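Participant: Residue strings, one per chain:
Number of protein chains: 2
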Amino acid sequence: MAAASRRLLVDVHTHVYLPRYVSFLRSRTSVPRVFSRTTPEGKTEERLLILDAEPSGGRPMGSQQFWDRAEKLRFMDKHGIDISIVSTANPWLDFLPAATAQVLASELNSDLEEYCSTSPNLADGTLKQLYGFGLLPLVPEASSASLLEIIQQISNLPHLKGVIIGSRGLGKGLDDDALEPVWAAIEKAALVVFLHPHYGVDQKEWGEKDNGHVLPLALGFPFETTIAITRLILSGVLDRHPDLRILLAHSGGALPQLSSRLASCIDHDPVVASRLQHDARYYLGKLYFDAVAYGSEELGFVSDTVGRAEKYVKSGASAAASAGAGGVQRKLGSRRMLFGTDHPFFPPLGEAEKWKSVVENLEAIDGVFGWDEAEQNAVRGGNAIELFGLGKIP
Amino acid sequence: MAAASRRLLVDVHTHVYLPRYVSFLRSRTSVPRVFSRTTPEGKTEERLLILDAEPSGGRPMGSQQFWDRAEKLRFMDKHGIDISIVSTANPWLDFLPAATAQVLASELNSDLEEYCSTSPNLADGTLKQLYGFGLLPLVPEASSASLLEIIQQISNLPHLKGVIIGSRGLGKGLDDDALEPVWAAIEKAALVVFLHPHYGVDQKEWGEKDNGHVLPLALGFPFETTIAITRLILSGVLDRHPDLRILLAHSGGALPQLSSRLASCIDHDPVVASRLQHDARYYLGKLYFDAVAYGSEELGFVSDTVGRAEKYVKSGASAAASAGAGGVQRKLGSRRMLFGTDHPFFPPLGEAEKWKSVVENLEAIDGVFGWDEAEQNAVRGGNAIELFGLGKIP
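Sequences listed follow chains A and B, in order.
The UniProt record's numbering puts the first residue of the first sequence at 1, with every later residue one more than the last.
The UniProt record's numbering puts the first residue of the second sequence at 1, with every later residue one more than the last.
Hints are not guaranteed to be accurate.
Each pair may be met inside one copy or between any two copies, as identical chains are not told apart.
[Claimed, not checked] Derived pair list, reagent style DSSO-like, types lysine-lysine, alpha-carbon separation capped at 27 Å:
| no. | residue 1 | residue 2 |
| --- | --- | --- |
| 1 | Lys311 | Lys331 |
| 2 | Lys172 | Lys311 |
| 3 | Lys209 | Lys286 |
| 4 | Lys204 | Lys172 |
| 5 | Lys43 | Lys314 |
| 6 | Lys314 | Lys354 |
| 7 | Lys78 | Lys204 |
| 8 | Lys331 | Lys43 |
| 9 | Lys314 | Lys188 |
| 10 | Lys331 | Lys286 |
| 11 | Lys311 | Lys43 |
| 12 | Lys78 | Lys209 |
| 13 | Lys78 | Lys172 |
| 14 | Lys78 | Lys356 |
Simulated from the structure, these hints should not be mistaken for lab results.
Here the structure is a predicted model, which is why all the values come from computation and not from measurement.
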């Protein structure tokens, strides 16, 4: 693995609103949309509104950071990021009629391929600086044929390495049996699924106090991811598609911390338990987790839950003994964790040279108790090189 | 601390439906209620229905475990539990008119005091086997005066050491300004607040598949607790009441894993940040966490997030250096974690000698990487003896 040995920093969680998508959002009169307003200071600003009744009238979109590739590359340069695996930011295409979603997905995938294929080469010339996750037209009424067609398109585009998806699927969530051919096709095409939240949970949970975006972002987002992946596990998708590679946003949300509780709840419900091949904790070892958790203790813990997964295989000879405990287990788990930034979100408040959100995620990797340089380098880039097959392409 | 040195096993998360409460639920025709039905096998069984549209028609309540004190003591004996701090199981009194809630709270508190005060003494005669958390009439329209009166009642009942509360408060959540005198009175009375979930999140999140109670219990419960304590932190209650002692059910739900993300989201919202005295992670060091998480890695991680809290104090001289890293930090955090069982829930499926749920929680404590016998004994009972002041009373 020559590329990995160069100690690349690879960002697997970084978003773009492609120009075609922004134009489309500007043309809309209902959510999600981009609209202009006059600030109290008399300036004109564009704001992105992606949910009904969003706090603070949405978020400012005045920054070129949201769509300009040159800004993405400057951001990467500023933070020493060698490669970014770029994905369209939420809300994707959920809100569109099936036919429109199909056309737009195809066009945006082509746009993203061009965005990546025309990006600079890395210094040694073997790799591009940008790769991408494509979009699927996962909307109600979408036909399997149309989804399979787009999966085929993406797998033919050399710089797209996976797909980013939300939690709604065809409207009934990711545990919908109708998605079975989609999982099969993604697995066969060896695309990485980046599972990312958008809706959070019902906003009535946040109460009447004005806490800005804090509660939906800090809690709602990870809750949505946790629910989606748990429902996916319970539906048996990971049993039926053992080679499906799913990357969870925000370090899997709350799944790691609730995984033993989940296993206990399943254990106490024989009907649900009988449908699964393994203890719930086993499946964490089949997943990938971005390292966007802002703290060393969090990353170390996620790593622990991945590293212990083999102990929970239900089969003749348990691999428990080989999984080891403590430090060994934590090192093992690091192989499924991947650095990310969440750019262009969480920008610095001031004119700081570096983004605090990025610096924190890098420092978190360096500070994990029990990780040595090998694990740090793997999480910073080596694992991504391997997961996205970047060690193999010219 | 002579009592602690005897290495007691103390269960701080153990519930009862007192006979008066069960009679009351049997008399009701709407949720929550206890009703009888005939099983497919022709037997009559009682079922407890606590939420509208609950999966599987509620849960079986045939077992004496739900209300019989002799069963509680047998359960304790079977598992080597010396002392239980018993609380009424959800849904408490949320659903009642204020006047009814007030009367019933008072009666149930007296019942629980008798339940505890007439329980056997421990072998050496200085302590009872049972202590309790009282109930507050926290319902819409409840007056501060009525709440303060019940807090006074509880603090006069010698075997009641705290209160168990849900997340709704007076109907607007725990961040409601109207609760300010209640927090002040609880703090002054030195009662422990046991914050426990009941509603979960909107059941539409669980989708259309039948997964029994797994999703609402494994995810909804901890999500509700996480939201409630986060809103409480954001409202400044922990800043205004630094001596308030709050014990979080199920190891704080997802709060530990999302705490650095929470801190980052607050950091990026100056309005919210300006209202808090400290970084969000600081407050985890002010809280108490039951050790009901079913896994060693989970407990170790919660301990890490408690142990690191002092690093996040915002004041002149940071205590960061003294908090230490890795092993030291994890040992430190163990002082705010307390063994629990969740009895009478998660009963064994078969006629097992011991309950798997209890055995798992005990094994989890023994297996935490970095905890020695001192930390294990503290979590098993020493911390509870101290938190509930049981080392001081005759």
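Participant: With reference to the structure, classify each hint as holding or not holding.
Facilitator: Going through the hints against the structure:
no.	hint	result
1	Lys311 x Lys331	both (15 Å within a copy, 25 Å between copies)
2	Lys172 x Lys311	neither (33 Å within a copy, 44 Å between copies)
3	Lys209 x Lys286	between (40 Å within a copy, 23 Å between copies)
4	Lys204 x Lys172	both (21 Å within a copy, 10 Å between copies)
5	Lys43 x Lys314	neither (62 Å within a copy, 35 Å between copies)
6	Lys314 x Lys354	between (46 Å within a copy, 22 Å between copies)
7	Lys78 x Lys204	neither (40 Å within a copy, 43 Å between copies)
8	Lys331 x Lys43	neither (51 Å within a copy, 54 Å between copies)
9	Lys314 x Lys188	within (25 Å within a copy, 52 Å between copies)
10	Lys331 x Lys286	within (16 Å within a copy, 31 Å between copies)
11	Lys311 x Lys43	neither (59 Å within a copy, 41 Å between copies)
12	Lys78 x Lys209	neither (37 Å within a copy, 47 Å between copies)
13	Lys78 x Lys172	neither (41 Å within a copy, 45 Å between copies)
14	Lys78 x Lys356	within (12 Å within a copy, 52 Å between copies)
In summary, the structure is inconsistent with hints 2, 5, 7, 8, 11, 12, 13 from the numbered list given earlier, while agreeing with the others.
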